[in-house]
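**Q** So you can see what is in the structure, the chains are spelled out below.
There are 4 protein chains.
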Amino acid sequence: MNRKIRMGMVGGGPGSFIGGAHRRAANLDGKIELVAGCFSRDPAKGAITGAELFLDPERVYTDYKTMFEKEAQREDKIDLVSIVTPNAAHFEVAMAALDAGFDVICDKPMTTSLEQAKALADKVHSTGRLFALTHNYTAYPMVRQAKQMIADGVLGDIRKIVVEYPQGWLADAVTDDNKQGKWRTDPALAGISCCMGDIGSHAENLAEFITGLEITELCADLTSFVPGRTLDDDGSVLLKFNNGARGILFASQIAVGEENALRIRIYGTKNALEWAQEDPETLTMRSNTGARQVMRRNWAGAGAAWSRLPAGHPEGFFEAFGNLYTDIANAIAARADGVEYTTSYPTVDDGVRGVAFIENVVKSSKTASKWIKFEV
Amino acid sequence: MNRKIRMGMVGGGPGSFIGGAHRRAANLDGKIELVAGCFSRDPAKGAITGAELFLDPERVYTDYKTMFEKEAQREDKIDLVSIVTPNAAHFEVAMAALDAGFDVICDKPMTTSLEQAKALADKVHSTGRLFALTHNYTAYPMVRQAKQMIADGVLGDIRKIVVEYPQGWLADAVTDDNKQGKWRTDPALAGISCCMGDIGSHAENLAEFITGLEITELCADLTSFVPGRTLDDDGSVLLKFNNGARGILFASQIAVGEENALRIRIYGTKNALEWAQEDPETLTMRSNTGARQVMRRNWAGAGAAWSRLPAGHPEGFFEAFGNLYTDIANAIAARADGVEYTTSYPTVDDGVRGVAFIENVVKSSKTASKWIKFEV
Amino acid sequence: MNRKIRMGMVGGGPGSFIGGAHRRAANLDGKIELVAGCFSRDPAKGAITGAELFLDPERVYTDYKTMFEKEAQREDKIDLVSIVTPNAAHFEVAMAALDAGFDVICDKPMTTSLEQAKALADKVHSTGRLFALTHNYTAYPMVRQAKQMIADGVLGDIRKIVVEYPQGWLADAVTDDNKQGKWRTDPALAGISCCMGDIGSHAENLAEFITGLEITELCADLTSFVPGRTLDDDGSVLLKFNNGARGILFASQIAVGEENALRIRIYGTKNALEWAQEDPETLTMRSNTGARQVMRRNWAGAGAAWSRLPAGHPEGFFEAFGNLYTDIANAIAARADGVEYTTSYPTVDDGVRGVAFIENVVKSSKTASKWIKFEV
Amino acid sequence: MNRKIRMGMVGGGPGSFIGGAHRRAANLDGKIELVAGCFSRDPAKGAITGAELFLDPERVYTDYKTMFEKEAQREDKIDLVSIVTPNAAHFEVAMAALDAGFDVICDKPMTTSLEQAKALADKVHSTGRLFALTHNYTAYPMVRQAKQMIADGVLGDIRKIVVEYPQGWLADAVTDDNKQGKWRTDPALAGISCCMGDIGSHAENLAEFITGLEITELCADLTSFVPGRTLDDDGSVLLKFNNGARGILFASQIAVGEENALRIRIYGTKNALEWAQEDPETLTMRSNTGARQVMRRNWAGAGAAWSRLPAGHPEGFFEAFGNLYTDIANAIAARADGVEYTTSYPTVDDGVRGVAFIENVVKSSKTASKWIKFEV
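Chains as they are written, first to last, in my numbering: chain A, 149 to 524; chain B, 149 to 524; chain C, 149 to 524; chain D, 149 to 524.
Read the hints as simulated data drawn from the structure, not as lab findings. Any given hint could be a false lead.
A pair counts as met if it fits within one copy or between any two copies, since identical chains are not told apart.
[Said to hold, decoys possible] The calculated lysine-lysine pairs, modelled on DSSO-like cross-linking and capped at a C-alpha distance of 30 Å, are:
no. : residue 1 : residue 2
1   : Lys-218   : Lys-521
2   : Lys-418   : Lys-327
3   : Lys-418   : Lys-330
4   : Lys-418   : Lys-193
5   : Lys-218   : Lys-388
6   : Lys-266   : Lys-521
7   : Lys-511   : Lys-266
8   : Lys-388   : Lys-511
9   : Lys-295   : Lys-193
10  : Lys-330   : Lys-152
11  : Lys-152   : Lys-193
12  : Lys-327   : Lys-388
Computed from a prediction, not measured in an experiment: that's the story for all the values here.
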């Protein structure tokens with residue numbers, strides 16, 4: 149395919165964090181060009197973003213349905229729709245994009261109900277379109293390295309998984325100018341959970357992605373610490389996995405001083421692995437019988453397949469995110485060229501499990517019977 | 149008191165780890181001299197240890213009752229009994245020592261049942277003897293610094309406590325030459341729990357010590373991963389505290405590659421603190437509004453009251469442990485001199501809570517109703 | 149300026165590391181589009197790169213002079229020339245680009261002789277074109293934060309600067325397939341120095357950039373450790389600065405196991421700063437009177453002006469490099485729009501000092517008189 | 149030898165830092181008892197220290213000559229003299245102790261002139277007494293591990309050594325109550341150097357100890373930054389070693405915010421090692437061909453021979469220092485018992501090289517010819 153993949157974006161207008169992140173991720177490798185967008189329902193806001201991105205004003209739309217309709221008629225129409233709206237809109241936009249014949253890359257959590265999630269999965273499977281879910285943390289090279297090592301049996305049988313995701317930015321009541329905080333704490337836009345939906349689902353996805361295991365049972369305690377907040381801003385979950393492993397998942401948005409501290413530790417019978425998102429270039433392996441091994445991205449081959457730079461030249465969030473965009477762009481091009489290609493991005497089925505996780509955690513959290521009194 | 153405090157030890161013969169640790173802790177500040185011991189019921193083994201320690205063979209005993217009886221009759225009799233036996237013997241030795249009029253410093257967990265723990269507390273209170281429990285991790289200078297900062301309100305209201313204690317040394321079946329592992333995994337010597345009794349109780353104690361809060365409810369999942377083992381070697385516990393704070397306590401002895409990784413994080417409304425035993429000279433404070441503060445022992449006054457060396461001259465395990473020994477030695481001397489003195493060591497009442505914690509966790513772990521199925 | 153800046157590249161064909169790095173840096177913010185290139189003198193190789201980048205084959209050239217001539221005649225001609233050849237070609241390409249009326253962004257070291265460097269500076273000043281030198285490490289947000297803090301007097305008077313840049317990748321003789329190593333160790337392509345030219349000059353530039361000081365005297369020891377190598381692969385330099393501060397600069401390419409470990413420490417009378425390229429999101433401040441301050445990018449405002457992502461979402465090498473590209477793109481657009489704009493990128497004058505540094509270090513290294521015998 | 153080694157101390161009265169450090173180091177293993185001391189020439193001060201240490205007042209002396217004379221006549225006389233005075237007194241006290249037939253353990257630098265150092269070495273060799281110099285940093289288990297690995301050829305040929313020792317505590321003029329700072333900056337008590345004598349000599353010793361190499365040439369730049377100070381408070385030294393390796397030694401006492409940051413990096417043809425005193429339990433090995441190896445004390449055997457505790461139970465400054473005391477105590481006991489014993493402590497010959505280092509560095513620093521002007 150001797151041209152860049154053409155992309156349209158839904159969401160990502162002024163004040164959006166994730167829209168800009170997606171755009172830079174898509175830019176990085178020079179394989180995708182953003183040519184259309186429905187950045188805001190407000191024409192003035194949409195126009196601002198369109199102009200900043202040097203888009204043809206004709207291809208800046210104010211509703212996504214129009215965008216899909218008009219684009220579908222163009223010769224130079226978009227190939228791919230990027231969905232970066234608040235959670236509650238993901239479902240309808242994704243369904244419409246698929247129906248209009250576009251491939252989709254969508255932010256997470258995929259939908260705000262399990263029912264929608266399943267319907268979307270059915271749609272993806274029935275249309276045969278490509279659908280990538282941006283669980284971007286799975287695309288860090290050293291996360292992929294960890295997954296491969298576990299698949300190769302390096303850890304032996306996995307016994308314990310500890311995954312945590314503390315942030316501090318919602319420790320206080322959200323002010324009106326905090327667009328990100330506003331929608332995430334609003335059930336109408338975020339769904340049934342704030343913290344678990346926003347970041348707990350990343351933790352769940354990361355644990356299952358790296359280990360290849362599935363959660364089978366859980367026991368959760370969610371809390372809303374900030375007065376007046378109705379959705380959870382902190383939660384702790386005990387986990388059982390399908391091989392008998394046990395786990396802990398901890399996510400918080402009231403952990404003051406924490407930035408974006410997603411971290412996972414996996415203990416097997418032979419070796420253990422640790423990875424932390426704030427130091428993403430490093431993967432640490434421990435054992436009872438030798439020195440700790442600190443693997444570094446693109447050093448001695450670690451994570452090399454997903455690297456752009458030599459070791460010691462830090463890659464970060466955009467580069468991992470960009471791996472997802474480049475992956476779907478490569479898949480689109482390969483399909484056009486009739487070439488075999490295997491994608492590595494998280495799928496609509498991962499999205500279903502993510503939404504199920506949120507629902508199960510919220511359900512478990514409501515059971516009082518799990519607690520026993522501390523008796524002395 | 150113009151002489152060193154005279155100490156007798158029960159336990160700590162050949163192959164003991166903790167006996168040697170207690171002895172070096174007692175040596176460090178030159179305030180205590182070991183003059184008697186019942187290191188083993190086996191006279192040959194006891195004699196070996198006695199000779200290594202340059203003790204008068206007459207004061208090396210083969211049963212603790214004889215030791216207490218004979219010592220009580222000497223003019224230069226011991227002041228203090230140090231108890232470093234496996235858990236199951238703590239109770240009877242401590243009761244006898246107190247009855248014989250000696251002050252006591254005892255390893256943890258204090259007893260193997262809550263009933264014994266309460267009886268021992270009653271005995272301490274009724275005899276008025278000094279009783280220190282060696283929750284040694286509370287005696288690190290930066291732990292004391294953390295406790296003081298929280299008492300001073302630096303963190304605001306505490307919302308979340310995450311305390312963890314992974315070790316890897318029991319990841320495989322214990323071999324016969326591993327004396328430490330043997331007794332800890334044997335219910336007859338260790339009591340109803342291995343991992344939670346041995347190290348989980350340290351984690352519980354540390355969380356309550358630093359924060360001044362008390363656990364009120366819990367939900368626990370204990371597992372025995374190693375085939376043939378009857379006691380837990382791993383456990384995860386959800387916690388509620390008496391101010392509404394939530395917590396996670398995680399302890400494991402099958403976390404391969406982990407050394408002795410006790411770590412605590414405490415998130416308040418204003419600031420958060422983190423301390424890790426393997427890097428004990430550092431206490432980290434985070435907030436949403438400024439740079440991370442890395443406090444170092446004896447730098448700008450942090451932990452200075454419990455320090456022996458300038459910052460950057462590492463103090464460690466023996467020095468913290470020695471703080472407990474010096475504390476009780478100072479208390480004995482002060483009492484002899486009729487001087488006021490306030491101790492900082494963990495007390496028999498802390499010991500009662502520690503044993504209650506173990507019992508409550510084991511009880512909770514047996515409830516299946518806490519789990520819900522992960523439904524998709 | 150309601151279009152992207154159009155860029156042509158010289159160098160960066162198959163096997164080039166830095167060409168791809170420059171291209172991704174230019175892509176990141178969506179402000180620049182690569183439309184032309186002279187990637188190789190070999191038409192086949194150039195065509196490969198051109199096709200990978202989806203360029204119009206007409207704008208893929210095999211010599212830079214033709215490129216400048218042809219592009220100058222187009223209506224949609226390039227605005228900016230990016231020079232990523234081996235060192236020895238920088239000078240002639242840059243001179244030609246400036247003469248042809250293009251703005252230039254050029255890799256470092258700027259030239260292979262001081263004479264050329266000064267001639268190039270004269271050309272830049274006489275033509276009035278924009279010229280950015282990609283001392284990319286100065287564009288990390290926390291480096292800029294450090295520079296600002298020092299300018300604000302936070303450190304007091306600077307006394308000591310320790311800057312080091314160890315790498316290990318040239319510890320063995322270079323094999324034929326190592327294109328990067330080949331040209332850097334070849335005097336015909338690299339100039340009079342390998343290690344000091346390639347990375348020592350980054351260290352020199354970083355030290356002067358952050359502190360605002362200038363080196364006035366130096367004493368250097370350069371070594372070629374690998375048998376058969378004629379240029380230095382390791383060097384240590386004592387420094388004096390124009391305020392009386394002393395310094396050490398250490399660069400090595402035979403420091404086995406080191407990735408790209410550029411690091412600087414600056415000690416003032418009041419505070420000290422430390423920054424390390426492999427952990428670029430962190431800037432550490434130490435003082436004698438308080439806790440260590442760990443500043444993190446975009447946390448509490450640190451480095452915010454140069455950030456794209458919230459704290460804890462790692463930015464790295466491409467993002468810093470991209471700051472230079474976006475800076476010159478902004479400058480070009482501002483000039484077109486008649487708007488005031490102040491650039492922050494390293495200039496041709498920084499480039500002159502960098503080349504002078506290399507020459508002075510090589511000269512000093514040849515003096516044997518600096519050594520005294522260790523007499524016992 | 150069925151008793152503890154009896155020790156007398158010279159120096160270490162009220163306000164001394166190093167005296168208390170030596171005493172705790174000697175206490176730790178229970179093999180040495182302090183029975184006599186000449187802590188101060190002031191009888192009142194000496195009595196205070198003697199009482200704190202529960203010494204027999206008869207064995208608290210006010211001049212060392214009397215102490216050696218009286219002790220020599222006792223049946224329970226001291227075996228060992230510990231010298232912890234300011235530098236200038238080391239020589240005469242050590243000479244007298246050796247002449248009186250005592251073994252000696254002495255703080256560093258050994259003397260304040262090379263002439264004295266050689267005379268002392270002659271005395272040690274002619275008397276045949278034991279003489280240990282407390283270059284305590286060489287006694288950390290992971291330093292010994294590093295030395296062994298290098299001796300075993302793990303690093304290949306050593307090419308570059310970077311050893312640094314920044315401290316910040318003398319960044320300002322010394323106040324009268326700072327006894328430590330007072331004598332170290334006073335030529336009458338400290339000798340010809342402050343920083344290089346006090347800590348630079350530790351760095352030199354560590355580099356030679358670990359690598360087994362010897363410095364053959366050097367080029368030094370010493371500075372006195374604090375107004376009014378006559379001795380150096382900062383210095384940087386280029387080094388050549390006897391195998392052709394190059395090195396950098398950097399020591400400073402005006403590096404604000406630094407605690408006691410002795411650190412060494414050694415790059416060989418095959419592997420590199422790094423050790424830092426503030427994190428002494430860790431030894432890091434790097435190579436170009438695999439993951440970084442983080443060795444931890446007493447994990448998988450690393451440093452086990454010099455360990456007292458399992459991995460993860462931090463040992464620190466006192467424990468390393470105690471290794472020297474226990475070593476000389478073991479040597480005294482072995483000699484008494486007629487048993488072969490090989491010591492590992494630094495010797496009088498190491499002390500001679502240390503003093504020579506100081507003299508050579510001071511001499512080199514005075515040569516102006518090493519500098520060249522930075523010409524542009």
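**Q** How would you classify Lys-266 and Lys-521 at a CA-CA limit of 30 Å: within, between, both, or neither?
**A** Answer is between: at 18 Å across copies they meet the 30 Å cutoff, but 39 Å inside does not.
**Q** Give the relationship of Lys-418 and Lys-327 under a CA distance limit of 30 Å: within one copy only, between copies only, both, or neither.
**A** between (46 Å within a copy, 23 Å between copies)
**Q** Please sort Lys-152 with Lys-193 into within, between, both or neither, judging by C-alpha distance up to 30 Å.
**A** Classified as both; 27 Å inside a copy, 21 Å across copies.
**Q** How would you classify Lys-418 and Lys-193 at a CA-CA limit of 30 Å: within, between, both, or neither?
**A** neither (55 Å within a copy, 36 Å between copies)
**Q** Within a copy, between copies, both or neither: where do Lys-511 and Lys-266 come within 30 Å Cα-Cα?
**A** within (18 Å within a copy, 39 Å between copies)
**Q** At most 30 Å between CA atoms: does that hold for Lys-327 and Lys-388 within a copy, between copies, both, or neither?
**A** Neither. Shortest intra-copy (36 Å) and inter-copy (32 Å) distances fail the 30 Å Cα cut-off.
**Q** Given a CA cutoff of 30 Å, do Lys-218 and Lys-388 count as a within-copy pair, a between-copy pair, both, or neither?
**A** neither (48 Å within a copy, 56 Å between copies)
**Q** Is it within, between, both or neither when you check Lys-388 against Lys-511 at 30 Å Cα-Cα?
**A** Classified as both: same-chain Cα gap 16 Å, cross-chain 19 Å, threshold 30 Å.
**Q** Give the relationship of Lys-218 and Lys-521 under a CA distance limit of 30 Å: within one copy only, between copies only, both, or neither.
**A** Neither: 62 Å inside a copy, 46 Å across copies.
**Q** Between Lys-295 and Lys-193, at a C-alpha cutoff of 30 Å, which is it: within one copy, between copies, both, or neither?
**A** This pair counts as neither: shortest intra-copy Cα distance 42 Å, inter-copy 36 Å.
**Q** I want to check one pair: Lys-418 and Lys-330. Are their C-alpha atoms no more than 30 Å apart within a copy, between two copies, both, or neither?
**A** Classified as between; 21 Å across copies, 45 Å inside a copy.
**Q** From the Cα coordinates, with 30 Å as the cut-off, is the pair Lys-330 and Lys-152 best called within, between, both, or neither?
**A** Classified as neither; 36 Å inside a copy, 34 Å across copies.
In summary, the structure is inconsistent with hints 1, 4, 5, 9, 10 and 12 from the numbered list given earlier, while agreeing with the others.
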